[in-house]
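These are the residues of each chain, in order.
2 protein chains.
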Amino acid sequence: MEVIVDSLQHNLSGLELTPLDNGFLLTYQQRIILRHTVQAPCLWVGGGEADIEMFRGNFNIKDRLNEKIALTDTVITRQPEGWTVHFSRGESLGTTLVITTDEQGRLKITLQNDDKTHNRIWLRLAAKSEDHIYGCGEQFSYFDLRGKPFPLWTSEQGVGRNKQTYVTWLADCKENAGGDYYWTFFPQPTFVSTQKYYCHVDNSCYMNFDFSHPDYHELALWEDNATLRFECADSYINLLEKLTALLGRQPELPDWVYDGVTLGIQGGTEVCQQKLDVMRNGGVKVNGIWAQDWSGIRMTSFGKRVMWNWKWNSDLYPQLDARIQQWNSQGVQFLAYINPYVASDRDLCEEASKRGYLTKDANGGDYHVEFGEFYGGVVDLTNPEAYDWFKGGIKKNLIELGCGGWMADFGEYLPTDTYLYNGVSAEIMHNAWPALWAKCNYEALQETGKLGEILFFMRAGYTHSQKYSVMMWAGDQNVDWSLDDGPASVIPAALSLAMSGHGLHHSDIGGYTTLFDMKRTKELLLRWCDFSAFTPMMRTHEGNRPGDNWQFDSDAETIAHFARMTTVFTTLKPYIKQAVAQNAQTGLPVMRPLFLHYEDDAHTYTLKYQYLFGRDLLVAPVYEENVDTWSLYLPQDSWINIWTGDTHQGGEITIDAPIGQPPVFYRANSEWAALFGSLRHI
Amino acid sequence: MEVIVDSLQHNLSGLELTPLDNGFLLTYQQRIILRHTVQAPCLWVGGGEADIEMFRGNFNIKDRLNEKIALTDTVITRQPEGWTVHFSRGESLGTTLVITTDEQGRLKITLQNDDKTHNRIWLRLAAKSEDHIYGCGEQFSYFDLRGKPFPLWTSEQGVGRNKQTYVTWLADCKENAGGDYYWTFFPQPTFVSTQKYYCHVDNSCYMNFDFSHPDYHELALWEDNATLRFECADSYINLLEKLTALLGRQPELPDWVYDGVTLGIQGGTEVCQQKLDVMRNGGVKVNGIWAQDWSGIRMTSFGKRVMWNWKWNSDLYPQLDARIQQWNSQGVQFLAYINPYVASDRDLCEEASKRGYLTKDANGGDYHVEFGEFYGGVVDLTNPEAYDWFKGGIKKNLIELGCGGWMADFGEYLPTDTYLYNGVSAEIMHNAWPALWAKCNYEALQETGKLGEILFFMRAGYTHSQKYSVMMWAGDQNVDWSLDDGPASVIPAALSLAMSGHGLHHSDIGGYTTLFDMKRTKELLLRWCDFSAFTPMMRTHEGNRPGDNWQFDSDAETIAHFARMTTVFTTLKPYIKQAVAQNAQTGLPVMRPLFLHYEDDAHTYTLKYQYLFGRDLLVAPVYEENVDTWSLYLPQDSWINIWTGDTHQGGEITIDAPIGQPPVFYRANSEWAALFGSLRHI
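These protein sequences, in sequence, are chains D and W.
Using the UniProt record's numbering, read the first sequence as starting at 1 and increasing by one per residue.
Using the UniProt record's numbering, read the second sequence as starting at 1 and increasing by one per residue.
Hints are computed from structural coordinates only; laboratory data are not their basis.
Not one of these hints is a red herring.
Facing chain W, from chain D, some residues (calculated, C-beta under 7 Å):
(1) E67
(2) K68
(3) I69
(4) Q164
(5) W169
Keeping only pairs whose Cα atoms sit at most 30 Å apart, straight-line, the calculated DSS-like set for lysine-lysine is:
(6) D:K174 / W:K519
(7) W:K450 / W:K311
(8) W:K148 / D:K62
Here are the simulated distance ranges between beta carbons:
(9) W:D21 / D:T77: 29 to 39 Å
(10) W:N422 / D:Y166: 41 to 51 Å
(11) W:K174 / D:E351: 48 to 58 Å
(12) D:E130 / W:K174: 25 to 35 Å
(13) D:N60 / W:D21: 32 to 42 Å
(14) D:F516 / W:G423: 46 to 56 Å
(15) W:N422 / D:S425: 49 to 59 Å
(16) W:R64 / D:Q636: 36 to 46 Å
(17) W:N422 / D:D202: 49 to 59 Å
(18) W:S13 / D:S425: 46 to 56 Å
Note that the structure is a prediction, hence the values are computed from the model and not measured.
Beta carbons are placed, not taken as given, at the ideal position from N, Cα and C, and that holds for glycine.
All chains should be built: construct the whole structure from the sequences, respecting the hints.
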């Protein structure tokens, strides 16, 4: 190693660069970030050709790796604001790494390969064997990410998501759709270490964060450059505050969200009215109707599909405009559905095509994606005019109609072989797409003054979805009890997203994916309803094969169950609202890992199926079939069983857990104790 | 590129090295072998750490790749016998490639990385897009290997071997045992190109031969050195003669092999006698009894297992010595069973351990492999004393007993974390083990003068198994009709092995693996029997769950079927014997791809489920359930249906194919036409 200056230490927010034999050590506020020697280097560069196949949002990704080269030699130059380290190996191979702090005092590391044909970077961050790692967006199978690699690529989440399940195998055989533990709609190159720092990478390329080595985390990027930011804090709560200061926070939810359940209904105005009446007559608190087929349907051999032409279809929904007004006057919102595609055989697509607003294929023609007996054009959100046109459509066709919200579906399908207006390769834009899609929706609200009044919810996400996606939902769980794709998987999803800076999360009550032999049972629907009452939003989904599934109105007992649990939910309104406000103000998520408030309790770092709902409720949803007791862990505190009033001081306990009494505890000394206590009488 | 001498051409058996801009071209007898430029190099080196997990012969292999570096710069030095090319990239990275011819005029290329920590090599051989590739040992799923990578690692062959089958998924879930298209007991780094050259790599490390690129074949080796040999010929028959001159050939089979079927029987002397009597009374030609439990049995929760203590068990087989004599006098051999392990709880293992003949673990203790409720020590065949001791056991316990042969099972399980006498890492010795195991058996025959009299048969193999394994069998097919693990898979297995230099192959009649819902049907057994009558050996296996399977004596019709088909087989004796002799003399395999004799017929290069049996019989086994006709391809010739006498001149045809009349044709102008014609009357 060659050192240009003799003194390497700066006093830049606790940043130190210390020479070693044949290398250096970079520390930031006493955390070792980089450790480099010739023998154990921290940086590799190389070249590869991405081999990416997509079929309906399911990706098969391989790297045709051409080179991977350790850069062993370093020349360090002191700069006014930090250091430049030039890594090299021989004459022709090099990367420049700039270490500095940004305006907010964050450690900022930028890398740029000297040779742009070197489109791969592997950077090893120093780690301790005992570190736990959280984040990387929405992770459904693991909460503590230590011990495994996590490829970061927005895609379908997979059906079953576990190669050991029969459902996954079936889905794999059909459409490579089974998925695996790391498949997610919302990946993000951001993680929190139990050394109490976060690391965030600004890029949007395909990445793989590998946390399997005891001594380092290896971040692989399919790019010729990288920008990393780090910040430290003395508590996880402060760390999340800092992280969300960087990435953005979600605004508060519309007030109506806390007033009941949003019923997923299809079939037209009168079906909505009838089901609404049935539920309200049964005592269910209903805050909205969500009708994904508001724009009409298309018959295919697979069954009904939504017509992807984002305008009110008055044949299927006659008098919808008037009915929305009527429902609104009764405290019921109407929620619609959109996604960033336009059906190739309909007028919005024709208009977009004429205006040149669709992404292109290699020959310069419009790119059409196959969705199963129909095609969709991809609205080019990198084209400011196309973006504004689509946003204008949201304003006109949804907001002006009086929608209280919508599902802003998809976002994770951008094909890598399409061509974009901004000239950036679709491989690089693929991950960025969901946040761009979120931003389009967000601005439609912002520019119409409807933020905090209208709610859209998304499944896909990436960096900046914190700021632009005002509510996440967990995507398409199976209508089964599988750990990796049933109700259990929603909990690590919410918690990992919380550690990535997004604090608002809910799920389809009862799950969605109804395939093969999977059919939603009554028990699954009721347990999921129990769970959802302790999340920031309750919303049902009929599933993709409604007739196969138990539904909210399938029998009187189910309706009564929804009546009771929506009453629990609405009773909690002031408490949830305050937690949501905290999230908006400081990035403290609504559904929280226990260690956020019990840092000293080592056991809390390994819990992935229970959470704190706000500060004072501990929730451990029942995610197994046919059980009547449930075991869970309570950190040291004074806990009261919300249904029985029994008090516990902490530790592993097993309690009765009948349907309708999800395992929930409140802190005895909570300022909300009286409110919580009242739930026992519902 | 730097060129040390101005003239680079030698006249060494058609070897030419031609300078290019920034590179060179190596041709051998007008075939372009290497094409190197700075922009499109032919050589990469790197380093990696093998991550190899084994469970009962099923391997999970990953490379923790540290580096992969293209060596772009070359310095060529003319040598008396060829050239030295020093490849480099910067100062510290280099590999020396020596191009020469060996004593027999073969092109010989040796590589040695300058830095021994660079334990990976990737070499690209020039290819044409239209080339077909065959060989790589025994390949069950593909015959033409073009278009896919083929990892070369001896292992279990997998159960199902196709991720799209339910059986494979079940086997994967249980023991990672499902396998994939390239799993094989007998891999080999040898291939034949339709440019009419072979390429053979001398090493035994883990390799991956990737034939998926139109312009090159990429050979990846987990080693710091490599030796490749090439030879060209004007016909495939000559090419195989040259290849087997390099690798060795199998001796002729014992004469008794042609005299009937070898019956797989278990259960003791009297069971063998009874079944033998039943079959012979039914008119079945029987040449031997193969009793794998001759050394006793061990009861486990999975059922009966063979006692791995390689000595006659006189409790289960009373009077076996005398009975062998009696059977022999009636033309019936007794065949036993051995493998290269010794059960940890038995005396042979105790003796081996005392003598220090077992492979070691990391602490210097004996290494014991888990086999399912029992363990086995690994006899260290790299220790000459251990090798001789085991060979001595074969001579004493099997040959002296009067065995006519045995199954020499296993060989593909050498754990990579065991330590060997010869100091070579078990990772490198793993692939070499099957041939070492074969050699031990071979020498036991050779040294007792029993070659050509006693027959052992093996499933595992590698380079040199050509010389030492006197007969292969196809391992453990499923007792089902699956393409990749049923009877169909035996055909590409035999043909790819033929193209790798091993010309003697047969299979368990009816298959072996009886798991999950798989049970052998009568139809499967009869069709497999039909097929086996047109291979060099007929041998049955009860399967691992005999009670679940249809057996040769399950009904009178089955016995009669075996009577008829063994008569067909024994009638063919002079023809088969002559084909086996050709194999012994010139390496012309007994089961041959059609293109060996019909080079000009492009269609023959894609046929993987039919073969020539010797020169004059064309066989297209029925490998589907519940069919009564069969379609096949005949190259231009005059072909006579062996059962009907109908004549065909070539092309695609569909014929009646009832059980007992496997689609077989003979050449009208064969010298054996009268013999073939006689089969119609059996």
